[in-house]
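Novice: Here is what each chain is made of, one letter per residue.
2 protein chains.
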Amino acid sequence: MRELKISDMIQKLRKSKKLTQSQLANYVGVSVTAVSKWENDLSYPDITLLPILAAIFEVSIDKLFSYNLSSNGADIIKKIKKNFEEEAKEYDNRISKLIPCYEQMIHSMVSVIPFDQNDSIKVIDLGAGTGNVSKVIKDKFKNAKITCLDISRNMTEMAKLKLYGYSGVKYEIEDFYSYNFKEKYNVIVSSLSLHHLATDDDKKNFFKKIYDSLYDEGVFYNLDLVLGSNNIIQDLYISKWKAFMCKSINYEEVNNRWMRKYYEEDSPSKLIDQVHWMENIGFKNVDILFKYFNYAVYGGMK
Amino acid sequence: MRELKISDMIQKLRKSKKLTQSQLANYVGVSVTAVSKWENDLSYPDITLLPILAAIFEVSIDKLFSYNLSSNGADIIKKIKKNFEEEAKEYDNRISKLIPCYEQMIHSMVSVIPFDQNDSIKVIDLGAGTGNVSKVIKDKFKNAKITCLDISRNMTEMAKLKLYGYSGVKYEIEDFYSYNFKEKYNVIVSSLSLHHLATDDDKKNFFKKIYDSLYDEGVFYNLDLVLGSNNIIQDLYISKWKAFMCKSINYEEVNNRWMRKYYEEDSPSKLIDQVHWMENIGFKNVDILFKYFNYAVYGGMK
Numbered sequence: 001m002r003e004l005k006i007s008d009m010i011q012k013l014r015k016s017k018k019l020t021q022s023q024l025a026n027y028v029g030v031s032v033t034a035v036s037k038w039e040n041d042l043s044y045p046d047i048t049l050l051p052i053l054a055a056i057f058e059v060s061i062d063k064l065f066s067y068n069l070s071s072n073g074a075d076i077i078k079k080i081k082k083n084f085e086e087e088a089k090e091y092d093n094r095i096s097k098l099i100p101c102y103e104q105m106i107h108s109m110v111s112v113i114p115f116d117q118n119d120s121i122k123v124i125d126l127g128a129g130t131g132n133v134s135k136v137i138k139d140k141f142k143n144a145k146i147t148c149l150d151i152s153r154n155m156t157e158m159a160k161l162k163l164y165g166y167s168g169v170k171y172e173i174e175d176f177y178s179y180n181f182k183e184k185y186n187v188i189v190s191s192l193s194l195h196h197l198a199t200d201d202d203k204k205n206f207f208k209k210i211y212d213s214l215y216d217e218g219v220f221y222n223l224d225l226v227l228g229s230n231n232i233i234q235d236l237y238i239s240k241w242k243a244f245m246c247k248s249i250n251y252e253e254v255n256n257r258w259m260r261k262y263y264e265e266d267s268p269s270k271l272i273d274q275v276h277w278m279e280n281i282g283f284k285n286v287d288i289l290f291k292y293f294n295y296a297v298y299g300g301m302k
Numbered sequence: 001m002r003e004l005k006i007s008d009m010i011q012k013l014r015k016s017k018k019l020t021q022s023q024l025a026n027y028v029g030v031s032v033t034a035v036s037k038w039e040n041d042l043s044y045p046d047i048t049l050l051p052i053l054a055a056i057f058e059v060s061i062d063k064l065f066s067y068n069l070s071s072n073g074a075d076i077i078k079k080i081k082k083n084f085e086e087e088a089k090e091y092d093n094r095i096s097k098l099i100p101c102y103e104q105m106i107h108s109m110v111s112v113i114p115f116d117q118n119d120s121i122k123v124i125d126l127g128a129g130t131g132n133v134s135k136v137i138k139d140k141f142k143n144a145k146i147t148c149l150d151i152s153r154n155m156t157e158m159a160k161l162k163l164y165g166y167s168g169v170k171y172e173i174e175d176f177y178s179y180n181f182k183e184k185y186n187v188i189v190s191s192l193s194l195h196h197l198a199t200d201d202d203k204k205n206f207f208k209k210i211y212d213s214l215y216d217e218g219v220f221y222n223l224d225l226v227l228g229s230n231n232i233i234q235d236l237y238i239s240k241w242k243a244f245m246c247k248s249i250n251y252e253e254v255n256n257r258w259m260r261k262y263y264e265e266d267s268p269s270k271l272i273d274q275v276h277w278m279e280n281i282g283f284k285n286v287d288i289l290f291k292y293f294n295y296a297v298y299g300g301m302k
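Same order as they appear, the protein sequences are chains V and P.
Start counting the first sequence at 1; every next residue gets the next number (the working numbering).
Start counting the second sequence at 1; every next residue gets the next number (the working numbering).
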């Protein structure tokens with residue numbers, strides 16, 4: 001519970017109205033002990049009493065809280081932003097400890113977007129999260145119109161903060177899988193999201209949906225968790241991933257938190273299968289740009 | 001020309017035989033000036049005269065050179081080894097500046113060899129070079145029988161040195177492309193070599209030859225330079241490769257030496273095409289283990 005500086009104001013306003021604690025208690029309909037507690041900062045008035053208190057004192061509720069929109073408002077927004085910034089920083093800091101070559105993979109994905117830097121390309125970022133990919137795109141393609149789609153309101157707030165001041169960015173809070181693509185795009189990107197689609201068929205269908213939502217010559221690139229083509233390869237991948245995480249996270253946390261989360265929540269598919277699905281759907285120039293064992297950047301052109 | 005300490009010995013032996021310079025010159029069939037020059041360290045006797053000189057002095061040729069097999073021999077071998085070691089070290093040091101993630105790629109390739117560590121697997125390393133891959137295989141598979149195949153005698157000497165003390169390694173100096181596989185293998189590996197095959201068809205045919213030379217369930221993995229699936233991707237690859245080299249080599253050398261060498265000598269093919277060729281030939285579990293832009297580790301199982 002945040003600390004509220006209301007006790008002094010109640011006492012001051014009561015005295016300016018020449019009321020005793022007992023009189024105020026009677027007007028408001030609480031015990032005299034309650035009023036005493038408010039004024040001694042031992043409890044706060046129930047929220048439903050605030051308009052009554054304001055009316056009795058003939059002040060705004062803002063006044064009760066010593067709240068001034070133009071000064072405190074900016075302060076509070078600043079504080080909220082700071083909290084979000086810290087959370088976003090914490091999120092981004094964590095992600096770089098969990099995902100090898102994260103920055104490099106994002107940049108490789110953005111580097112192969114085959115448009116002129118001044119083109120007004122239409123982009124959708126599926127599972128935009130805290131906006132890391134969208135930001136790199138906006139930094140390169142100033143005139144890009146980006147839709148950041150994510151199921152998490154919190155993540156989207158962080159993305160808004162990260163992309164504060166960038167124009168041409170809109171946000172939609174929705175599950176990308178059930179998302180109804182209303183328009184076509186030049187670029188569809190996704191990062192660390194599609195492995196949440198539960199089955200191979202879900203992914204195959206979703207790739208088709210993506211293909212259909214691209215303009216001709218448009219591109220789709222995905223940065224994601226993938227499986228190796230057999231158990232021996234997959235074992236190598238997991239051991240390399242664990243070794244990477246253990247560089248900055250202790251072994252118990254890697255096993256009990258992150259690997260457990262992986263086995264419980266993630267449904268990656270074999271990279272080689274995904275390459276075939278893309279090719280069968282009609283994607284051209286399908287390629288794997290970057291692969292660090294169980295992480296890959298791959299995609300193609302319509 | 002290495003310095004030879006022979007002058008004192010000739011003079012000493014001539015005097016012990018009580019011969020003048022002129023007499024020795026007559027016996028050997030050279031001018032007296034020549035003998036004088038030998039004894040004053042101004043020239044060496046022609047190599048063809050060494051047996052004659054030894055015969056006249058009734059000593060071994062070793063004696064002429066003050067050479068003692070058991071002491072000097074070991075010294076000389078040690079010296080040669082040291083030279084080779086420095087050259088090999090220089091080669092390996094250079095390779096790690098030219099090829100991103102080189103060690104990691106080799107280890108990923110060896111990690112997915114699907115045999116028990118004690119199995120007497122038969123392995124051939126095509127373009128074995130200085131033996132980097134073979135050494136990692138021998139370190140894991142003690143009983144592996146490895147053939148190191150390379151066109152370069154010098155590289156092979158370095159490989160011999162690197163694998164000195166390992167049993168079950170044999171060396172063949174031959175061009176791998178025209179190599180006649182006489183037996184079958186459990187494991188065929190290759191590193192930084194197959195891109196020398198000039199055309200896509202050469203590589204396709206060679207993959208078939210490799211497939212035919214594997215036992216069932218045997219594996220083929222290749223660590224190599226590859227092309228991106230279109231120009232935009234390829235440009236990204238080249239820029240990332242240059243950026244990597246420029247971390248330890250100056251820009252002029254990168255451009256004028258290594259990039260020139262790349263454009264003049266190397267004939268990489270698209271990774272995605274190579275994946276398809278392998279699959280069409282019949283390889284199972286084809287996968288890309290690792291990819292750092294224009295470098296990849298990929299292969300499959302028979």
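In short, the hints are calculated from the structure, not lab data.
Just so it is clear, the structure is predicted and the values come from calculations on it, not from any experiment.
Where is the CB? At the ideal position from N, CA and C, for every residue including glycine.
Treat the hints loosely; a few may be bogus.
Covered stretches of chain V, as calculated for chain P (at least 3 residues, CB under 8 angstroms) [claimed, not checked]:
#1 43-52
#2 107-113
#3 221-230
As a list, the in silico SDA-like pairs of lysine to any residue whose alpha-carbon atoms are at most 25 angstroms apart [said to hold, decoys possible]:
#4 Lys140/V <-> Ser239/P
#5 Lys97/P <-> Glu103/V
#6 Lys242/P <-> Gln117/V
Novice: Does each hint fit the structure? Answer for all of them.
Specialist: Status of the hints after comparison with the structure:
| no. | hint | result |
| --- | --- | --- |
| 1 | 43-52 | violated (count 0) |
| 2 | 107-113 | holds (count 3) |
| 3 | 221-230 | holds (count 3) |
| 4 | Lys140/V <-> Ser239/P | 17 angstroms, holds |
| 5 | Lys97/P <-> Glu103/V | 22 angstroms, holds |
| 6 | Lys242/P <-> Gln117/V | 22 angstroms, holds |
Of the hints listed earlier, the one the structure fails to meet is number 1.
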